[in-house]
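Protein sequence lines, in the order shown, are assigned to chains E and F. Heads up: the first sequence at position 83 corresponds to 105 in my numbering, and the numbers run straight through without jumps. Heads up: the second sequence at position 211 corresponds to 1639 in my numbering, and the numbers run straight through without jumps.
These are computed hints drawn from the structure, not numbers from a lab. Model, not experiment: these values are computed from the prediction. Cβ atoms here follow ideal geometry from the backbone N, Cα and C, with glycine treated the same way. Watch out, some of these pointers could steer you wrong.
To be verified - Quick look at which bits of chain F chain E covers, simulated, 3 or more residues with Cβ under 8 Å: (1) 1532-1544; (2) 1549-1557.
Said to hold, decoys possible - For each label pair, taking beta carbons as the anchor points, the in silico distance ranges come out as: (3) F:1465 - E:190: 27 to 33 Å; (4) E:141 - F:1665: 35 to 41 Å; (5) E:92 - F:1665: 46 to 52 Å; (6) E:285 - F:1465: 51 to 57 Å; (7) F:1645 - E:190: 56 to 62 Å; (8) F:1585 - E:203: 51 to 57 Å; (9) F:1645 - E:78: 37 to 43 Å; (10) E:276 - F:1526: 45 to 51 Å; (11) E:158 - F:1450: 48 to 54 Å; (12) E:78 - F:1570: 56 to 62 Å; (13) F:1691 - E:132: 24 to 30 Å.
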Amino acid sequence: MADMAVVAQGLGKRFGPVIALDGVDLELPAGTVLGVLGPNGAGKTTMVRILATLIRPDRGRAWVAGFDVSARPDAVRARIGLSGQYAAVDPFLTGLENMVMIGRLYGMSARQARQRAAELTERLDLASSAARLVRTYSGGTRRRLDVAASLLAAPAVLFLDEPTTGLDPQGRLALWRVLGELTASGTSLLLTTQYIEEAERLATTIVIIAHGKVIASGTPAQLRAGAGGDRLDAESPPGQDPRRLAAALAGLGTGEPTVDSAAGRVVVPVAGGAAILPEVAARLAASGLTVSELALRRPTLQEAFLTLTGEPAAGPADPPPASAAAWPASRTRSPK
Amino acid sequence: MTAAAQPAAGRGGRIPARTSVMIITGRNLRRLTRVPTLLVFATVQPVLFVLLFTYAFGGAIHVPGTGRYIDFLLPGIVVLAIGFGASQTGVAIADDLSLGMVDRFRSLPIPGIAFLAGRVAADAVRNLFVTGLMVGVGVAIGFRFHAGPAAALAVVALAVATGVAFSWLNLLLGLAVKESESAGLAGLFPVVILFFTSSALVPVATMPGWLQAFARANPVTVITGALRALCLGGPTARPVIQAAAWLAGLLVITIPAAIAAYKRAASA
């Protein structure tokens, strides 16, 4: 395990009656990106806070950059960068002052800190606003400054908790580009997100967390495969009720067809790949229905995520797996 | 688990506590000059206190045994101004908590006490300025030290020490209530109550009997009494020791409690 940036074993954390984490195991090999994907309240932030030494787990152990987070928090803190859910920068300091302050608190000299801050403001497109008070920044600029601050000490392990939440599409793309460069240069990154696209784009490995447990993990391709075979997309031509198409295709695949009435589209989870197509053609011929488009494809990560988390999708989606249905209600994070 | 990555800044573990306290003090002093409320609490308000209390009450109140009312008044309103100013420390830490700043600082390789001590140190600088400003304005309208320069320096030192205790108390309050408006009220409320039931404006002997016992034990009375003794002359040992005991007691309770609250602090 010497080349693991993060190892967590059986992490558990409870806040009063709420079980935030219920035995989470994960590994982040050094130099890779782990995307932690999950709905709101899944326990993502609690996990980051434990790994960043902000709270102690009730049970389980975790090592970051080789150090036990409970036994050697200072050693961990000297080797991590954290950008939490809020842009934690002082509104009454300038961007540059914020960065120099944090750099110095990591033990840099004033000169080193200024040099490093100048480098990062350039790289994160903050140079033009660095001399202004943060109070005058837009949300996206503030967020970039926060990420820049977490990069100051060139940390071995970087934790980003929903880094692009609240950013506009342009800001999101800019941050993705920076994070891509960063991880290409060998920084180990643990990233939480609610955006599947973000996890797919940045992460080497993804773990999906729901109700404080890891319910799936793997590469994006493995997770898509885990969503149960392929998807058959059939589009009903205008004027033909897509529900009739769904009825004709019912029982064909491994799950019930999903109907998107507005788009006239029917999606059926199927197994066996292209071998299913003759049967599709036969059923269409028998029912006298036509399709304007027919495609067999791999499930999207979105579909995999919905299948695995059992979160409701639009329309009568695949029923959640038995394990999802078995989550006791008490484990869900109830609103206060 | 053996190959540990190099510490970020090339140094092992923590940076020296003194360095981190100085950096955080610098942050708070910068804020002091930029946050409008803080600026008002440190400049306009102390001057207004001196002028308003002197001219509004000074004509009506005559304190037997003292010359000018302002000689009697100034020590008490210095305590009031410092108490009001300290409420902003609770507001600031509650803001830091809700903005995620506390999380950020707690994820840095600095000792837990540095973040709080840096705040208290900046407050002490502010209180030095506030005390000087109030004495300056007071002197302009007739205030005089009657017990010599050493006692005058002791007045400033005791005022700043009072501010240190108030700052720790407000850090604790801010971390406990977690929300800036409540933190401001939680900081101001006790100061207002204790100020008006103390000897700050009028001698305790003029109060109704039931209030006198409370007023005499009131820490604002005790601290004002010590400051007044140092300003006016007369026996100082006993009042100063009493004031020091109050402040020491307050610090012994609030410092460990504030540090513990900071370490447990969660922004969510």
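| field | Hints violated by the structure (listed by number, smallest first) | value | 2, 4 and 11
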